[in-house]
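In the order they appear, the protein sequences are chains U and C. To convert, note that position 170 of the first sequence is 172 in our numbering; the numbers rise steadily by one, no gaps. To convert, note that position 130 of the second sequence is 132 in our numbering; the numbers rise steadily by one, no gaps.
Some hints could be false.
Identical copies go unnamed one by one, so any copy, or any two together, can satisfy a pair.
[As the list claims (entries may be wrong)] Under the rule of at most 27 Å between Cα atoms (straight-line distance), these lysine-lysine pairs were calculated in the BS3-like manner: (1) Lys205 x Lys46; (2) Lys46 x Lys119; (3) Lys119 x Lys152; (4) Lys205 x Lys253; (5) Lys55 x Lys72; (6) Lys46 x Lys253.
I should point out that these hints are in silico values taken from the structure, not numbers from a laboratory.
Number of protein chains: 2
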Amino acid sequence: MCELLAMSANVPTDIVFSFTGLAQRGGVTGPHTDGWGITFYEGKGSRTFKDSKPSCESMVAQLIQSYPIKSEVVVSHIRQANRGAVALENTHPFTRELWGCYWTYAHNGQLSDYEQKFVTTRFYPVGDTDSEAAFCWILDCVVKQFGDEKPTDMKAVFNYIATLAEQIRALGVFNMIITDGEYLLSFCSNNLCYITRKAPFGKATLIDTDVVIDFQKETTPNDVVTVIATRPLTNNEQWQILTPGQWCLFKQGLLL
Amino acid sequence: MCELLAMSANVPTDIVFSFTGLAQRGGVTGPHTDGWGITFYEGKGSRTFKDSKPSCESMVAQLIQSYPIKSEVVVSHIRQANRGAVALENTHPFTRELWGCYWTYAHNGQLSDYEQKFVTTRFYPVGDTDSEAAFCWILDCVVKQFGDEKPTDMKAVFNYIATLAEQIRALGVFNMIITDGEYLLSFCSNNLCYITRKAPFGKATLIDTDVVIDFQKETTPNDVVTVIATRPLTNNEQWQILTPGQWCLFKQGLLL
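Let the hints inform the model, and build the full structure from the sequences given.
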């Protein structure tokens with residue numbers, strides 16, 4: 003299994019605090035030592051930092067923890083390999099361009115007997131994980147359903163993706179985050195939770211390492227920031243635990 | 003104008019030496035302060051580090067200069083914006099997946115009256131540069147010419163891309179690097195050169211900063227490493243200067 007982390011916010015926000023907790027699970031407080039990655043959207047652009055080394059040892063992960071990149075949408079993943087070797091091409095998040103947007107995706111879980119289902123004709127996996135195969139199949143289905151040009155109703159696209167995720171869940175465990183840089187869908191198969199932080203902001207304490215943050219000092223009264231994670235990252239806040247099959251669509255930090 | 007840097011090698015090789023020279027041109031010895039990026043292939047996987055800050059000031063660029071990522075194919079670019087704002091989505095290199103491979107591209111130059119030519123139906127630009135529009139058009143043409151499945155003769159694909167580049171050159175200045183992670187094509191419009199280093203290796207001195215490297219200490223006798231750049235990066239080696247319209251296809255460091 004792996005751990006997922008994602009963020010949706012209405013103002014560019016740094017995720018250093020949450021990522022610091024997550025990175026500890028990559029070899030210190032958790033067994034997820036088979037690589038990690040994080041994608042930041044800044045406007046329409048995105049950039050992904052990846053390493054097939056454990057996040058607790060990675061020089062690139064150290065950079066992310068010391069360099070506050072401000073972003074409205076973030077997707078991150080630390081990996082404990084099951085399907086697919088430990089290699090850069092198997093490291094999440096995965097990104098593809100569709101309709102002039104970068105789509106980013108990460109998966110926690112394991113699928114079986116998926117090869118026949120995930121046959122695609124346009125988006126092909128580069129690596130050999132079940133996760134990337136599922137991502138390419140989702141995007142292939144989306145193009146077949148909605149065509150080559152971006153539809154105006156993107157909520158309908160994400161509603162459709164949730165029905166695809168429900169199909170994939172029949173093949174195993176499928177906790178998943180997918181975003182086009184504006185909307186962010188989180189789909190729960192067995193472990194996924196979120197918290198929406200807004201005014202009045204308080205203090206939060208990380209579970210995995212000895213760090214406390216006072217969000218009131220870091221935010222303005224209008225900020226809305228949702229963080230999604232496999233398991234709660236803080237021990238003094240109320241996280242919303244998703245139930246199997248439940249999914250949430252966020253935009254600018256708000257649950258739609 | 004911008005500066006390009008690329009590498010093709012037959013063994014995983016770090017590009018710290020050459021990138022150190024290039025990064026100086028991003029604000030110290032050159033005026034290219036509008037962002038930079040570098041893509042490393044490691045096996046089938048690739049990762050791109052990007053920043054819209056000048057490379058001479060970028061914390062991410064400092065990481066690349068101190069963290070030797072070993073790669074067989076590298077594409078890098080430092081930008082002086084002409085078309086398109088200074089923004090992450092306009093920062094090269096650009097990447098798309100085609101046929102289960104990550105394709106990476108960077109461009110130096112400027113094009114005019116290109117909007118009508120670069121109409122695409124599958125690969126769409128995310129940003130608003132002439133460069134990314136040209137990349138999407140190239141990939142659209144490649145799919146139309148060769149179909150949805152990867153052909154066995156990839157040399158034919160790159161030969162075809164060179165004919166597309168020749169068409170684009172009619173619209174302005176088009177120095178370009180494109181790779182599928184195995185083959186690397188460099189197309190010269192007015193400024194591009196390369197050097198192939200192999201045994202017996204010697205010492206090289208960077209033009210842009212006071213660094214000398216003794217390649218004999220860094221290599222084995224079978225290594226073949228080609229570096230491609232807008233202008234020579236060292237002052238004591240013989241770089242091959244490409245002529246307008248000339249292009250070179252490399253694989254594993256060797257000119258094909």
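Status of the hints after comparison with the structure:
no.: 1; hint: Lys205 x Lys46; verdict: neither (31 Å within a copy, 43 Å between copies)
no.: 2; hint: Lys46 x Lys119; verdict: between (32 Å within a copy, 24 Å between copies)
no.: 3; hint: Lys119 x Lys152; verdict: both (25 Å within a copy, 21 Å between copies)
no.: 4; hint: Lys205 x Lys253; verdict: within (24 Å within a copy, 55 Å between copies)
no.: 5; hint: Lys55 x Lys72; verdict: both (24 Å within a copy, 14 Å between copies)
no.: 6; hint: Lys46 x Lys253; verdict: within (14 Å within a copy, 33 Å between copies)
In summary, the one numbered hint that this structure violates is 1.
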